[in-house]
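These protein sequences, in sequence, are chains A and B. Under the working numbering, the residues of the first sequence are numbered 1 to 469, in order. Under the working numbering, the residues of the second sequence are numbered 1 to 469, in order.
What the hints contain is simulated information worked out from the structure, not anything from laboratory work. All values reported here derive from a predicted model rather than from experimental measurement. From the three backbone atoms N, C-alpha and C, an ideal C-beta is built for every residue, glycine too. Careful: at least some of the hints might be erroneous.
[To be verified] Chain A is nowhere near these chain B residues, computed Cβ spacing over 12 Å in every case:
| hint | residue |
| --- | --- |
| 1 | D39 |
| 2 | H317 |
| 3 | E376 |
| 4 | Q389 |
| 5 | E464 |
[Unchecked claim] Keeping only pairs whose Cα atoms sit at most 25 Å apart, straight-line, the calculated SDA-like set for lysine to any residue is:
| hint | chain 1 | residue 1 | chain 2 | residue 2 |
| --- | --- | --- | --- | --- |
| 6 | A | K118 | B | P260 |
| 7 | B | K118 | A | S316 |
| 8 | B | K169 | A | K118 |
| 9 | A | K118 | B | Y74 |
| 10 | B | K171 | A | T426 |
| 11 | A | K118 | B | V442 |
| 12 | B | K118 | A | P66 |
| 13 | A | K118 | B | Q49 |
| 14 | B | K118 | A | G110 |
| 15 | B | K169 | A | E445 |
| 16 | B | K249 | A | P66 |
[What the hints assert, rightly or not] Coverage of chain B stretches by chain A, computed from C-beta distances (three or more under 8 Å per stretch; other residues unrestricted):
| hint | segment |
| --- | --- |
| 17 | 48-57 |
| 18 | 63-70 |
| 19 | 99-113 |
| 20 | 206-213 |
| 21 | 237-247 |
| 22 | 436-445 |
Protein chains: 2
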Amino acid sequence: MRLRTAVLPLVALVVLSPAAGAGEESNVKSTSELVAIRDAALADDYAYQQVAHLTDNIGPRPSGSPQAEAAVEYVASELRRLGLEVRLEEVRVRRWMRGIDTAELREYPGQAPGTTQKIVVTALGGNTATPANGITAEVVVARNFAELQAMGREKVAGKIVAFDFPFDKRKAANGLSGEAYGEAVEYRATGAKIAAEMGAVACVVRSVGGADYRLPHTGWSAPTGIPAGAVTSEDADLLARLSVQGRVKMHLTLTSENGPEVLSHNVIGDLKGSEHPEQIVIVSGHLDSWDLGTGAIDDAAGVAVAMETAQLIQESHLHPRRTIRVIAWMDEENGGRGHDAYAVAHASEIGNHVAAIESDLGASHPLGFWAKVTPEALPLLKPAQEVLQSFGANLISRVEFSPGADIAPLAQAGVPALGIMQDGRTYFNYHHSAADTVDKIVPQELRENAAAMAVMGYALANLERPLPR
Amino acid sequence: MRLRTAVLPLVALVVLSPAAGAGEESNVKSTSELVAIRDAALADDYAYQQVAHLTDNIGPRPSGSPQAEAAVEYVASELRRLGLEVRLEEVRVRRWMRGIDTAELREYPGQAPGTTQKIVVTALGGNTATPANGITAEVVVARNFAELQAMGREKVAGKIVAFDFPFDKRKAANGLSGEAYGEAVEYRATGAKIAAEMGAVACVVRSVGGADYRLPHTGWSAPTGIPAGAVTSEDADLLARLSVQGRVKMHLTLTSENGPEVLSHNVIGDLKGSEHPEQIVIVSGHLDSWDLGTGAIDDAAGVAVAMETAQLIQESHLHPRRTIRVIAWMDEENGGRGHDAYAVAHASEIGNHVAAIESDLGASHPLGFWAKVTPEALPLLKPAQEVLQSFGANLISRVEFSPGADIAPLAQAGVPALGIMQDGRTYFNYHHSAADTVDKIVPQELRENAAAMAVMGYALANLERPLPR
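Please model the complete structure; the sequences and the hints are all you need to start from.
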């Protein structure tokens with residue numbers, strides 16, 4: 001998950017009333033099919049095996065990397081094995097390669113002679129490199145944009161700006177991780193740009209994440225021309241405390257490289273509809289990841305539950321009326337070239353896209369779906385809601401913006417767009433960090449996500465009439 | 001905290017009965033003094049300021065480092081400022097210096113062409129370096145010593161042994177962190193030695209710690225002649241999973257250096273007793289730390305609450321009958337040369353040591369004390385217990401072994417030895433890792449530790465007769 005969809009104004013939260021009964025469009029046969037898909041998903045480890053292969057055997061999958069292409073080949077071959085019509089659609093991506101990430105304080109109050117203090121830092125995606133031997137400059141700490149503006153250009157020019165805006169753990173613990181992320185990620189995304197405009201020579205931001213294990217979180221940053229990194233919350237605290245006491249000088253080395261554009265791919269696998277093969281329901285996650293961890297919760301899990309949707313339908317010998325299209329998106333993290341390329345390539349058939357689902361908030365228990373749909377669409381979601389109620393995945397929260405970065409161009413064009421609403425309380429503890437690894441996934445919770453994606457995907461593909469737009 | 005005292009057979013747990021009343025030796029005056037010390041401690045941030053200075057301004061303090069000597073100078077000057085008689089007692093320590101710590105998998109099942117998988121590793125203290133460009137060898141994973149033995153020498157020789165013995169998080173969560181640590185730390189302390197004896201070329205152990213944030217935990221390892229590191233729990237899991245699937249080869253670079261012996265110091269500050277100045281009650285923590293974090297919970301906190309004991313007594317204008325001796329021990333982590341040197345230098349006056357207290361399990365809420373004392377000593381501790389009951393620090397758990405590594409030689413010689421029994425449920429999440437930083441300390445809990453140390457220290461120094469031995 002990158003940043004766009006993190007703050008989701010909640011328009012309407014529709015909890016299924018027990019008295020509500022099935023929606024108008026449901027019938028006994030389709031409900032029993034949904035139940036069969038759900039029960040198969042809740043007993044199946046297919047998705048977990050996919051995540052394990054993508055993360056353990058292939059590893060981190062940054063856009064343009066050999067691992068990303070190995071993952072493309074793997075997902076394509078797996079979808080072919082499931083009997084889907086598979087094609088790779090070209091995406092030109094920028095390859096960004098991490099180099100050396102180090103920082104240390106070279107001057108600070110109370111410093112013992114001949115010593116330095118280590119600062120744990122990671123370069124942000126698209127970072128402008130420092131010289132190979134680093135740069136040294138005084139640090140100015142600003143808690144927010146207003147504080148930096150108030151300092152004025154003469155206090156900022158020539159300095160390293162450190163933004164110390166905290167990720168609000170209390171919001172995250174209360175289920176408002178998207179709000180906590182949305183507030184803080186502004187500093188990661190645009191902090192360096194704003195610092196550069198005021199003459200700073202580099203910028204570090206407090207990592208956007210909720211844990212306190214000296215863990216830096218990387219992520220996308222707007223191109224700026226100055227080096228940009230994220231320090232851990234502990235190191236941001238240290239910079240803040242020391243800079244109150246006196247002058248702090250930091251040596252910063254971030255030698256990442258912006259490589260050339262390379263050819264990559266979205267993986268697209270169609271399970272053709274029996275009545276309306278031209279009408280499409282997308283189930284999807286993104287295949288690329290950041291490089292620090294192995295991208296298990298962000299977002300091998302999303303790809304895996306989309307793959308399992310096809311696997312469950314095939315194993316159950318079901319034939320949805322419309323085409324189920326599994327997409328493993330490329331480049332969600334580093335510019336979104338994958339969904340941009342799809343929007344261009346499929347511009348003429350956007351009208352045939354009945355719905356698009358994405359999973360990109362990890363693999364914890366699904367509470368239901370965020371849905372950018374019309375109010376009139378809600379009753380048509382009820383059969384799926386009813387079936388998902390048995391394990392508590394029956395919330396539908398109607399939202400104004402796309403509930404997934406990769407389905408945003410489709411949502412913008414009017415395609416009903418849904419995103420799985422995972423329990424996100426711990427997601428940002430691991431997100432974009434070295435700790436995003438497969439062990440963070442609870443197998444039973446991943447099964448629940450597969451059930452949610454498959455039940456909703458199949459229900460939408462099997463409606464008598466498409467969702468109203 | 002290093003390793004010796006982690007598993008503490010519990011001999012007797014003495015909870016103060018509300019009906020018990022004060023011990024025989026107490027009197028109204030001394031109880032009111034203990035209450036005054038407690039209440040002053042619970043409103044005082046002296047200890048926190050000391051930890052902040054030692055960690056933020058001085059930083060990591062490995063034995064023999066310039067930071068360790070800066071800390072020696074700082075604590076000595078601070079104790080002098082409090083009016084103590086201060087001296088530095090020489091300790092010759094071995095300086096071990098971390099170099100580059102990296103590892104990657106160069107061959108593994110499912111590997112994408114031209115790719116590797118990063119393994120997060122940290123060298124263990126006293127490590128034998130790899131060549132500068134590292135070594136590459138096949139990995140054999142053993143869950144425990146028996147599994148390695150069962151493999152036999154021919155399967156182990158020439159390989160990198162990976163011990164995958166887990167720290168038991170459920171024990172730790174249930175207040176049995178010492179047991180969890182004691183079980184797992186055997187692999188860190190002696191795993192490399194045993195692997196070397198079977199012909200291994202290097203050894204990595206699963207980090208001894210409870211968190212899941214890709215955090216490596218360093219610590220002392222017995223000298224072996226082969227490189228020894230700790231990988232994170234996530235990386236140990238990965239090695240275990242991949243090695244079941246097929247051959248795994250790892251490239252390991254650990255370029256630390258065993259430097260020469262250098263001169264360091266225990267800091268000793270005496271607050272002279274008014275009636276029996278020759279009789280000594282030690283209050284202490286250790287000043288050296290590992291190098292990854294800043295050694296806040298291990299063990300700037302212990303030193304700080306010992307310092308605050310003196311500060312509180314001085315500020316309250318109290319005059320204990322016996323001498324309160326504040327000790328900031330050197331080299332607890334890297335061989336224990338500090339307490340060994342003390343035992344030698346003070347051999348002739350061991351009989352005058354009335355009691356020794358150490359704090360070395362962090363800074364969380366104190367539940368009371370572990371006490372290596374005779375059963376007859378317990379009633380004499382009751383006045384302190386009564387005063388500490390107001391904030392729940394009134395347990396006394398009688399134990400057979402020293403409740404602190406640095407007071408072990410004294411305990412062995414029969415000196416009554418006490419260790420603060422902190423809530424240790426999260427201690428080993430941070431212990432010996434980069435995340436041991438001052439923010440992990442809750443100021444109010446540190447105040448409670450200062451109160452526990454000061455009340456117990458003053459009570460022991462003011463008894464009419466010394467504790468029975």
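Status of the hints after comparison with the structure:
Distance to chain A confirms D39/B as a non-interface residue, since its nearest Cβ pair spans about 28 Å, more than 12 Å. Non-interface call for H317/B relative to chain A: holds, since the shortest CB-CB distance, roughly 30 Å, exceeds 12 Å. Residue-level check passed: E376/B sits 45 Å from the nearest beta carbon of chain A, beyond 12 Å. For Q389/B, the non-interface assignment is confirmed: its Cβ lies about 31 Å from the closest Cβ of chain A, beyond the 12 Å cut-off.
Non-interface call for E464/B relative to chain A: holds, since the shortest CB-CB distance, roughly 44 Å, exceeds 12 Å. With a C-alpha separation of about 24 Å, the suggested pair K118/A and P260/B falls inside the 25 Å cut-off, and the hint holds. Distance check on the hinted pair: K118/B and S316/A sit about 39 Å apart at the alpha-carbon level, beyond 25 Å; violated. Restraint check for K169/B and K118/A: the C-alpha separation of about 29 Å exceeds 25 Å, so the hint is violated.
This hinted pair checks out: K118/A and Y74/B have alpha carbons roughly 21 Å apart, not beyond 25 Å. Taking the CA atoms of K171/B and T426/A, the gap is near 23 Å; set against the 25 Å cutoff, the hint holds. In summary, the hint linking K118/A to V442/B is supported, as the alpha carbons are separated by about 23 Å, within the 25 Å threshold. Proximity of K118/B to P66/A is assessed by CA-CA distance (about 15 Å); at most 25 Å being required, the pair is judged to hold.
A C-alpha spacing of about 21 Å is found between K118/A and Q49/B, which places the hinted pair at or below 25 Å, so the restraint holds. Of the supplied pair hints, the one linking K118/B and G110/A is violated, its CA atoms being roughly 37 Å apart against a limit of 25 Å. Between K169/B and E445/A the alpha-carbon distance is near 21 Å, which keeps this suggested pair within the 25 Å criterion. Only pairs whose Cα atoms come within 25 Å are accepted, and K249/B paired with P66/A is accepted, the gap being roughly 20 Å.
Counting residues of the segment 48-57 of chain B whose C-beta lies closer than 8 Å to any C-beta of chain A gives 4; at least three are required, and the coverage claim holds. Beta-carbon proximity to chain A at under 8 Å applies to 5 residues in the segment 63-70 of chain B; the threshold of 3 is reached and the given coverage holds. Residues of the segment 99-113 of chain B lying with their CB closer than 8 Å to a CB of chain A number 6, which satisfies the three-residue condition for coverage. Coverage of a stretch by a chain is defined here by at least three residues with a beta carbon nearer than 8 Å to that chain's beta carbons; for the segment 206-213 of chain B and chain A the count is 3, and the condition holds.
Check result for the segment 237-247 of chain B against chain A: holds, 5 residues qualifying (beta carbon to beta carbon below 8 Å, three or more required). Look at the segment 436-445 of chain B against chain A: 3 of its residues bring a Cβ nearer than 8 Å to a Cβ of that chain, three or more, so the hint holds.
Violated hints, in rising order: 7, 8 and 14; the structure is consistent with all others.
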